[in-house]
Amino acid sequence: MDKISSRYAQALLDIATQLNRLDEYKIQAKLIGSSFRDNPAFAQLFDKTQISVSEKKKLLSDVFGSQVDEMMINLLSLLIDKKRIRLTEEIMNDFIHLVNVSRSIEEGIVYSIRPLSDVDLKQLESQLSKKHNVSVELINKIDTSLISGLKIKFKESVIDASLSYQLESLRETLREGRS
Amino acid sequence: MSLEFDIAGKLFPDLLTMIVQLSATGILFYGLKRLLWVPMTNYIEKRAEAEDSALRSADEANKLAQVNLAHSELSIENSIIEVKTIVEQGKEEARRIKEKMLSDAKAEADGKLDAARREIEHEKTQLRKDIETEIVDVALIAAKKLMESKVDEIHDRQQVQQIIKDVRN
Numbered sequence: 000m001d002k003i004s005s006r007y008a009q010a011l012l013d014i015a016t017q018l019n020r021l022d023e024y025k026i027q028a029k030l031i032g033s034s035f036r037d038n039p040a041f042a043q044l045f046d047k048t049q050i051s052v053s054e055k056k057k058l059l060s061d062v063f064g065s066q067v068d069e070m071m072i073n074l075l076s077l078l079i080d081k082k083r084i085r086l087t088e089e090i091m092n093d094f095i096h097l098v099n100v101s102r103s104i105e106e107g108i109v110y111s112i113r114p115l116s117d118v119d120l121k122q123l124e125s126q127l128s129k130k131h132n133v134s135v136e137l138i139n140k141i142d143t144s145l146i147s148g149l150k151i152k153f154k155e156s157v158i159d160a161s162l163s164y165q166l167e168s169l170r171e172t173l174r175e176g177r178s
Numbered sequence: 000m001s002l003e004f005d006i007a008g009k010l011f012p013d014l015l016t017m018i019v020q021l022s023a024t025g026i027l028f029y030g031l032k033r034l035l036w037v038p039m040t041n042y043i044e045k046r047a048e049a050e051d052s053a054l055r056s057a058d059e060a061n062k063l064a065q066v067n068l069a070h071s072e073l074s075i076e077n078s079i080i081e082v083k084t085i086v087e088q089g090k091e092e093a094r095r096i097k098e099k100m101l102s103d104a105k106a107e108a109d110g111k112l113d114a115a116r117r118e119i120e121h122e123k124t125q126l127r128k129d130i131e132t133e134i135v136d137v138a139l140i141a142a143k144k145l146m147e148s149k150v151d152e153i154h155d156r157q158q159v160q161q162i163i164k165d166v167r168n
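First to last, the protein sequences are chains A and B. The opening position of the first sequence corresponds to residue 0 in numbering that gives the first Met the number 0, with each subsequent residue numbered one higher. The opening position of the second sequence corresponds to residue 0 in numbering that gives the first Met the number 0, with each subsequent residue numbered one higher.
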């Protein structure tokens with residue numbers, strides 16, 4: 000975890016806790032984080048010196064104004080002023096992590112070749128929560144090398160139910176079988 | 000002119016002359032015996048002793064030389080025997096060294112041959128493994144390509160649904 004991003008994340012957590020809006024801010028953090036992660040061109044706009052600070056702030060307000068709290072907009076404006084806007088995704092991730100820690104929610108990553116639907120993701124979280132008797136929250140990441148199926152990283156374990164893993168197992172079996 | 004000599008008369012002296020001469024000879028002989036006999040005999044004896052001593056010394060020297068010669072011959076004989084022994088030992092040592100060198104060379108050659116055989120066997124085994132691995136890899140790559148082309152979104156979704164169901168188990 001980057002030290003600068005964790006300091007901002009911790010400050011955001013403190014404010015959210017004081018306002019008793021942890022879950023709400025967590026959802027907004029996910030939205031902001033995914034916006035920067037999934038739209039590199041959008042993130043790069045904030046690096047351009049041809050665009051003034053005020054224009055960047057207006058752009059942020061236009062994009063997120065209707066979906067996130069004013070406090071979040073203020074945080075993003077502060078990052079623009081401090082020239083740390085490129086840390087936005089890390090700060091949001093750190094904040095989500097801190098919220099999960101405070102809520103005793105275990106984080107995991109599920110890899111798939113296509114984005115999982117919210118229903119599938121919730122079902123998977125539910126199944127894992129029941130199996131491990133803890134609250135589980137999964138982040139979906141795309142990995143086309145899987146060919147098909149899923150790979151889940153949770154706690155210290157990895158559940159690899161992908162076709163590429165089965166092929167790799169077959170390769171190992173064939174190699175061991177002939178040696 | 001004729002010369003006449005009384006040759007017969009000249010051949011025989013007259014009695015007086017003969018007596019005088021004999022007396023003179025006797026006196027001379029007596030004087031000699033009286034004055035020279037003892038010194039001469041002493042001189043001759045001393046000379047004889049000196050000659051004897053020289054002869055004895057020569058004889059002793061000769062004997063010593065003979066002994067030395069015998070010693071030398073014996074030494075030479077011993078030396079010859081020793082040389083022969085050394086030569087024989089040298090030959091034996093050379094033969095032993097030669098045999099050892101041959102034995103070592105043979106052992107080394109055998110070792111190298113064995114190592115080369117093992118290396119060849121290892122290379123063959125490794126090559127066979129590599130080929131088999133290559134075959135497996137190629138087969139798996141082909142299978143992967145085939146599956147990538149065959150697996151569509153519907154099939155993948157079915158897989159995901161099945162996995163979600165199985166995760167709890």
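A portion of the hints provided could be inaccurate.
Unchecked claim - BS3-like, lysine-lysine: derived pairs with alpha carbons at most 27 angstroms apart:
1. Lys99(B) <-> Lys150(A)
2. Lys149(B) <-> Lys164(B)
3. Lys128(B) <-> Lys150(A)
4. Lys111(B) <-> Lys128(B)
5. Lys99(B) <-> Lys140(A)
6. Lys2(A) <-> Lys29(A)
7. Lys128(B) <-> Lys152(A)
8. Lys140(A) <-> Lys128(B)
9. Lys111(B) <-> Lys140(A)
10. Lys99(B) <-> Lys111(B)
Derived by calculation from the structure, the hints in this document are not laboratory data. These figures come from a predicted structure and were not determined experimentally.
Now for the hints, and whether the structure bears them out:
1. Lys99(B) <-> Lys150(A): Answer violated: Lys99(B) to Lys150(A) is near 69 angstroms, above 27 angstroms.
2. Lys149(B) <-> Lys164(B): Roughly 23 angstroms separates the two Cα atoms, so the pair holds.
3. Lys128(B) <-> Lys150(A): This hinted pair is violated, its Cα atoms lying about 31 angstroms apart.
4. Lys111(B) <-> Lys128(B): OK: Lys111(B) and Lys128(B) at ~25 angstroms, within 27 angstroms.
5. Lys99(B) <-> Lys140(A): violated, 74 angstroms
6. Lys2(A) <-> Lys29(A): holds, 20 angstroms
7. Lys128(B) <-> Lys152(A): violated, 34 angstroms
8. Lys140(A) <-> Lys128(B): violated, 37 angstroms
9. Lys111(B) <-> Lys140(A): Judged against 27 angstroms, a Cα distance of about 58 angstroms means the pair is violated.
10. Lys99(B) <-> Lys111(B): holds, 18 angstroms
Violated hints for the displayed structure, listed by number in ascending order: 1, 3, 5, 7, 8, 9.
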